[in-house]
Amino acid sequence: MRKVPQSVDDILLDYLDGNLDRTELERAEYQIRNNPDWQSRLEELRLINSLLRETKIEQPSKNFTDGVMTHLHQYPAQKGFSIKSGILLLVVVLMAIGIATVLVSTGAFDNTSTSIDLNQIEVSKKFIKTPLPSFSFNGKLIVNIIIILNLALAWIVLDRTILKPFFQRRMQSGH
Amino acid sequence: MVMTKDPEHSLIERILAGEQHLYAEMVDKYKSYAYTVAQKILQNRPDAEEAAQDAFVKAFHHLGDFNRQAKFSTWLYRIVFNTAISYKRKYRHKFQSIESTIVEYREEANWMLEKKDKKKYLDLAMAKLNAADRTALSLFYLEEFSLEEIAEITGMQANTAKVRIHRARQRLADELKNLLNKEALTL
Numbered sequence: 000m001r002k003v004p005q006s007v008d009d010i011l012l013d014y015l016d017g018n019l020d021r022t023e024l025e026r027a028e029y030q031i032r033n034n035p036d037w038q039s040r041l042e043e044l045r046l047i048n049s050l051l052r053e054t055k056i057e058q059p060s061k062n063f064t065d066g067v068m069t070h071l072h073q074y075p076a077q078k079g080f081s082i083k084s085g086i087l088l089l090v091v092v093l094m095a096i097g098i099a100t101v102l103v104s105t106g107a108f109d110n111t112s113t114s115i116d117l118n119q120i121e122v123s124k125k126f127i128k129t130p131l132p133s134f135s136f137n138g139k140l141i142v143n144i145i146i147i148l149n150l151a152l153a154w155i156v157l158d159r160t161i162l163k164p165f166f167q168r169r170m171q172s173g174h
Numbered sequence: 000m001v002m003t004k005d006p007e008h009s010l011i012e013r014i015l016a017g018e019q020h021l022y023a024e025m026v027d028k029y030k031s032y033a034y035t036v037a038q039k040i041l042q043n044r045p046d047a048e049e050a051a052q053d054a055f056v057k058a059f060h061h062l063g064d065f066n067r068q069a070k071f072s073t074w075l076y077r078i079v080f081n082t083a084i085s086y087k088r089k090y091r092h093k094f095q096s097i098e099s100t101i102v103e104y105r106e107e108a109n110w111m112l113e114k115k116d117k118k119k120y121l122d123l124a125m126a127k128l129n130a131a132d133r134t135a136l137s138l139f140y141l142e143e144f145s146l147e148e149i150a151e152i153t154g155m156q157a158n159t160a161k162v163r164i165h166r167a168r169q170r171l172a173d174e175l176k177n178l179l180n181k182e183a184l185t186l
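Same order as they appear, the protein sequences are chains X and C.
Here the first sequence stands for residues 0 to 174, numbered as in numbering that gives the first Met the number 0.
Here the second sequence stands for residues 0 to 186, numbered as in numbering that gives the first Met the number 0.
None of these hints come from the bench; they were simulated from the model.
All residues carry an ideal CB built from backbone N, CA and C; glycine is no exception.
Hints are not guaranteed to be accurate.
[To be verified] PhoX-like mimics (lysine-lysine), calculated; alpha carbons at most 20 Å apart, straight line:
(1) X:Lys83 <-> X:Lys139
(2) C:Lys119 <-> X:Lys83
(3) X:Lys55 <-> C:Lys89
[Unchecked claim] Rough simulated footprint, nothing fancy, chain X against chain C, three-plus residues with beta-carbon under 8 Å:
(4) 26 to 32
(5) 116 to 127
Let the sequences and hints guide you as you build the complete structure.
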């Protein structure tokens, strides 16, 4: 038996759903009467149709509503990091802190200071008459600030992914 | 968006005003369809029940965000659909192991199968459809929802819902034919 083209399936499904207009219906019925491929495909689709028509509403357990009402004020916890991705992030942050600390302690940033003089900017000369301050940046200081920020981030990740879920589970099992 | 005047709106107002016990009425009214939607996606009764209950709790907490121009049931079943899909993703390994279970073909005395056997094979074929198509198909045959509502619940484009339901039935017909042919070959 040859495979029936997609368009024939569409016509036959519309035929079964009663979605064909008069002309389309006459054409489809002519093909069904005279074409064995159409006839057999119609039977296959008709079987599916009749089985699917038996689809029934499924009933949950008797205490379904009570279960919902009991949990009404236990709003599902906001999804944060999964433990796996949290640990991965924590490892990456700790590695970055470690590398930065080693570099700072070996003096890699000791001579990395620069300054920005705002008076050298063309725009400021045009519009501002009074002299502007210059800022100096110390590379070591910046890296130290980054290390502190990373430590804070590591603590937040540790709290969200490991400590908080751990203590929540302990509290739940304690009840 | 389906614009309909929903009879639940005054009930929703009262729940939001503090009469939270009234939410039980809404749960009772919609629990069967909600559970059916979750069951079609998860194909596992305890998980479907948990997902449907979780969806009702989420809906309660977002009741204030519900657009009163829309139909409450469609909005609710969309939450159920999304919750069940996220359960399916969360427990992917479990569901994959169910879906990849090898079907064992029992020998039958007669290859002209009874309708209950065909229903069994239909369920097997249905399990091979993706969750959105399976849910859309089931909602279509429950004859309670328009194609627009089915599209809204399952997150499809309205104009593709009909096409997806057609294609799902074609796939089912092909799958069922294959399963029945294999059954016949074992005799």
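Task: Residues of the segment 26 to 32 of chain C with Cβ under 8 Å from chain X, three needed, outcome - done: holds (count 5)
Task: Pairwise hint evaluation, lysine 83 (chain X) against lysine 119 (chain C), where the allowed Cα distance is 20 Å at most - done: Violated: lysine 119 (chain C) and lysine 83 (chain X) sit about 39 Å apart, past 20 Å.
- [ ] Confirm or reject the coverage of the segment 116 to 127 of chain C by chain X under the rule of 3 or more residues with a beta carbon closer than 8 Å to the chain's beta carbons.
- [x] As far as the segment 116 to 127 of chain C goes, the hint holds, because 3 residues have Cβ atoms under 8 Å from chain X.
Task: Pairwise hint evaluation, lysine 139 (chain X) against lysine 83 (chain X), where the allowed Cα distance is 20 Å at most - done: violated (33 Å)
Task: Given pair status - lysine 89 (chain C), lysine 55 (chain X), alpha carbons within 20 Å - done: violated (27 Å)
Hint compliance for this structure: hints 1, 2, 3 are not met, and every other hint is.
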